[in-house]
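Be aware that the sequence shown starts at 4, since it is given in our numbering, and climbs by one per residue.
If you are wondering where the hints come from, they were derived from the structure by calculation, not from laboratory data. C-beta atoms are modelled at their ideal positions from N, C-alpha and C, and glycine is treated no differently. Do not rely on the hints blindly, as some may be mistaken.
[To be verified] Ranges of calculated distance between the beta carbons of each label pair, as one might list FRET restraints:
hint, residue 1, residue 2, range
1, 174, 275, 19 to 25 Å
2, 264, 132, 20 to 26 Å
3, 258, 4, 26 to 32 Å
4, 258, 150, 32 to 38 Å
5, 33, 206, 23 to 29 Å
6, 168, 124, 28 to 34 Å
7, 204, 282, 18 to 24 Å
8, 267, 8, 17 to 23 Å
9, 135, 93, 38 to 44 Å
10, 17, 170, 38 to 44 Å
11, 138, 25, 37 to 43 Å
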Amino acid sequence: MNAAFEDWMKTVQAGSENDLSGFLPAADVIPSRLHEAMRYALLGGGKRVRPLLVYAAGALFGADAATLSRAAAAVEMIHAYSLVHDDMPCMDDDALRRGKPTVHVAYDEATALLVGDALQSQAFMVLSQAADVPPARVLAMVRLLATASGSAGMCGGQAIDLDSVGISLTLEQLEQMHQLKTGALLRASVVLGALAGKDLTDDELGALNVYARAIGLAFQVVDDVLDATADSATLGKTAGKDAADNKPTYVSILGLEPSRALAEKLRLEAHAALAPFGEKALRLRELADLIVQRKA
4 MNAAFEDWMK TVQAGSENDL SGFLPAADVI PSRLHEAMRY ALLGGGKRVR
54 PLLVYAAGAL FGADAATLSR AAAAVEMIHA YSLVHDDMPC MDDDALRRGK
104 PTVHVAYDEA TALLVGDALQ SQAFMVLSQA ADVPPARVLA MVRLLATASG
154 SAGMCGGQAI DLDSVGISLT LEQLEQMHQL KTGALLRASV VLGALAGKDL
204 TDDELGALNV YARAIGLAFQ VVDDVLDATA DSATLGKTAG KDAADNKPTY
254 VSILGLEPSR ALAEKLRLEA HAALAPFGEK ALRLRELADL IVQRKA
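Could you put the whole structure together from the sequences, leaning on the hints where they help?
Right under this line is the structure:
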């Protein structure tokens with residue numbers, strides 16, 4: 004990782020942390036326990052990959068910083084809500100997230116359920132109040148995030164995941180699941196950042212979609228590799244859980260080294276998709292590298 008990219012990434016991450024805090028109710032506002040738990044779930048952890056993608060895509064088209072901050076916060080709130088619900092006993096039943104107890108462990112199950120609900124609502128409130136882009140484009144951005152979050156996106160992928168425990172999936176079925184569960188929100192991050200700058204042409208949207216598809220799959224492939232090879236302290240969540248829960252993964256279907264090779268192939272596909280944007284796409288290329296080459 005070069006110094007300029009690392010500095011840019013730290014700047015975006017720190018700015019996103021500050022923005023997220025500002026877009027949430029204070030912990031002492033009634034109902035204070037719920038607001039405290041929302042802040043616990045959202046702040047002080049995570050790689051902020053989705054906000055990074057929002058800002059990197061926004062750089063392609065000179066997007067306004069205030070709009071990017073709202074788009075980045077909204078997509079991160081959706082992501083955080085999904086993690087809170089995913090960790091609950093009725094779903095993946097995990098006790099560790101981002102190196103600390105999951106919300107239902109630190110608080111209780113009912114609070115965790117409400118935290119997820121409230122973060123989802125807060126995301127759309129924050130995004131809908133973007134004031135520096137035309138109203139029609141704000142509506143398109145809200146619709147994009149809603150589609151990526153629902154049954155045609157993240158929630159649909161999670162449903163397929165739950166239905167697939169102990170079942171053999173083909174590689175194509177596994178890809179479809181993860182394009183929804185993980186890929187839809189990553190694609191939304193990229194396109195939201197771009198839409199913060201301008202209405203997109205078909206060619207621009209097509210190139211960004213190819214890029215987002217590649218990094219979305221690569222993200223999951225690398226997650227599966229890390230789940231099979233890293234320890235819980237490194238990951239900040241329970242390692243080896245997919246295998247213990249008998250879930251289909253890229254590693255269980257392809258094997259470890261072919262999975263690593265697939266991630267590298269997807270990284271190169273992501274780079275190729277960005278060729279029409281030239282040097283303006285530098286940060287998106289570097290993020291593709293980060294997603295594939297990360298160790299946690």
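Against the structure, the hints:
Remark: the range hint 19 to 25 Å for residue 174 to residue 275 is upheld by a beta-carbon distance near 21 Å. Between residue 264 and residue 132 the C-beta distance comes to about 44 Å, which lies outside the given range of 20 to 26 Å. Between residue 258 and residue 4 the beta carbons are some 28 Å apart, a value that agrees with the proposed interval 26 to 32 Å. For the pair residue 258 and residue 150, the supplied restraint of 32 to 38 Å holds, since their beta-carbon distance comes to about 34 Å.
The hinted range of 23 to 29 Å is not satisfied by residue 33 and residue 206, whose Cβ atoms lie roughly 50 Å apart. Between residue 168 and residue 124 the CB atoms are about 30 Å apart, so this pair conforms to the stated range of 28 to 34 Å. In this structure the hint that residue 204 and residue 282 lie 18 to 24 Å apart at CB holds, the actual value being about 19 Å. Checked against the given bound of 17 to 23 Å, the beta carbons of residue 267 and residue 8, roughly 19 Å apart, stay inside it.
A hinted range of 38 to 44 Å for the beta carbons of residue 135 and residue 93 is consistent with their spacing of about 40 Å. Hint check: residue 17 to residue 170, Cβ distance near 43 Å, so the stated range 38 to 44 Å holds. Roughly 23 Å separates the CB atoms of residue 138 and residue 25, a value that falls outside the hinted 37 to 43 Å.
Hints 2, 5 and 11, counting from the list given before, are not met by this structure.
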